[in-house]
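Protein chains: 2
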Amino acid sequence: MSRHTVEARKGAGYKLEAGQTFKVINTHGHQVVDFWAISTEDPTEFMSMVHTRSTLTKLVPQVGDILYSNVRAPIVRFVEDTSPGVHDTVVAPCDLPRYHLIGVEGFHDSCSNNFMTVMGQYTIGEYRQAPESFNLFMNIPWTEDGKLSFEPTVSKPGDYVVFEAIRPVLMVVSSCPQDILPINSGNPVEFDVEISG
Amino acid sequence: MSRHTVEARKGAGYKLEAGQTFKVINTHGHQVVDFWAISTEDPTEFMSMVHTRSTLTKLVPQVGDILYSNVRAPIVRFVEDTSPGVHDTVVAPCDLPRYHLIGVEGFHDSCSNNFMTVMGQYTIGEYRQAPESFNLFMNIPWTEDGKLSFEPTVSKPGDYVVFEAIRPVLMVVSSCPQDILPINSGNPVEFDVEISG
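The listed protein sequences correspond, in order, to chains B and F.
Read in order, the letters of the first sequence are residues 1 to 197 in the working numbering.
Read in order, the letters of the second sequence are residues 1 to 197 in the working numbering.
Treat the hints with caution; some may be incorrect.
Mimicking BS3-like on lysine-lysine, the simulated pairs with C-alpha atoms at most 30 angstroms apart in a straight line are [unchecked claim]:
#1 B:Lys147 to B:Lys58
#2 F:Lys58 to F:Lys15
#3 F:Lys23 to B:Lys147
#4 F:Lys58 to B:Lys10
#5 B:Lys58 to F:Lys15
#6 F:Lys23 to B:Lys156
#7 F:Lys156 to F:Lys10
#8 B:Lys58 to F:Lys10
#9 F:Lys58 to F:Lys23
#10 F:Lys23 to F:Lys10
Worth flagging that the hints you see were computed from the coordinates, not collected in a lab.
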């Protein structure tokens with residue numbers, strides 16, 4: 001087992017073999033973690049939220065569910081969740097245009113930029129931009145008439161989720177640097193991951 | 001004004017200049033139409049459901065809303081809707097892997113394949129696969145706890161939606177060939193489009 005801390009506002013990538021598990025720990029409780037899984041055998045194949053929703057007929061995957069790739073193949077299994085299960089698949093990972101739209105001038109860290117930085121480090125594939133992310137601990141409630149809102153997490157310090165790699169994958173995670181909307185309670189922080197032996 | 005019929009189970013593309021409008025008519029009432037808009041100035045920029053949901057804070061765009069691209073720029077305006085407003089942004093355009101998952105053997109028409117065929121005809125950009133589509137007239141209700149289901153349309157014959165091009169775009173539409181799930185009432189048919197002068 002190896003344990004790693006992912007710095008506040010930054011991203012990281014970890015290569016896993018099939019059968020290894022990846023635990024994402026919300027160490028301080030209020031942090032959103034954007035999460036992607038990329039096939040290392042075919043880097044154009046990635047865990048896809050829109051295909052996962054279609055196959056599961058759910059807005060949000062739960063423990064026991066398989067997550068599917070952009071060619072609708074099983075890629076990751078959701079095996080454990082000690083949080084209240086409030087995660088998001090319907091909003092995009094933050095990016096510089098998003099920050100500019102909400103008033104930021106100049107540079108701001110973003111989950112999309114963190115994804116691209118990690119992909120550059122591993123050079124296992126070419127992405128023009130980050131695919132849709134599985135936004136762990138992110139609280140985006142929907143109403144009966146389809147309104148969405150950006151709310152603080154409901155997870156507690158130490159809550160974690162665990163995913164099993166069904167195939168060799170690069171797990172990419174980002175400490176969401178959103179400090180304008182309340183989703184990280186205004187204070188993006190570090191979090192930890194653990195990878196099974 | 002020009003009017004065109006899109007054949008059952010097939011796709012078509014139409015280049016519009018900024019300010020032109022694109023009417024999609026559910027001629028027979030029960031047909032789902034998968035819809036994309038691609039910038040003709042930069043073919044890597046496309047109308048993106050995940051970015052549109054995030055910006056509108058809505059699961060489904062409505063009349064008066066702007067639809068946003070994958071770089072969060074306005075690309076299309078939703079200007080009229082005579083249907084009950086039941087459309088979908090959360091499930092993926094059908095593709096061959098989808099049909100194989102639900103029991104089809106061999107080839108089956110799909111909205112994703114129709115998109116790729118149209119893009120091949122216009123050769124304005126290179127897509128590995130169809131982006132998320134705006135699924136017009138598609139009835140994918142969600143429950144309070146996030147369950148989705150695939151239901152028949154609730155639109156009437158002749159119901160239509162109108163979009164205005166904010167910039168030069170290729171409008172791509174597909175008559176969804178889904179004949180296994182009930183979304184097209186088991187009978188995919190032709191529909192019509194009208195483009196303003």
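Quick rundown of the hints versus the structure:
no.: 1; hint: B:Lys147 to B:Lys58; verdict: holds, 17 angstroms
no.: 2; hint: F:Lys58 to F:Lys15; verdict: holds, 28 angstroms
no.: 3; hint: F:Lys23 to B:Lys147; verdict: holds, 26 angstroms
no.: 4; hint: F:Lys58 to B:Lys10; verdict: holds, 28 angstroms
no.: 5; hint: B:Lys58 to F:Lys15; verdict: violated, 35 angstroms
no.: 6; hint: F:Lys23 to B:Lys156; verdict: violated, 49 angstroms
no.: 7; hint: F:Lys156 to F:Lys10; verdict: holds, 21 angstroms
no.: 8; hint: B:Lys58 to F:Lys10; verdict: holds, 28 angstroms
no.: 9; hint: F:Lys58 to F:Lys23; verdict: holds, 22 angstroms
no.: 10; hint: F:Lys23 to F:Lys10; verdict: holds, 17 angstroms
Checked against the numbered hints given earlier, the structure breaks hints 5 and 6 and satisfies all the rest.
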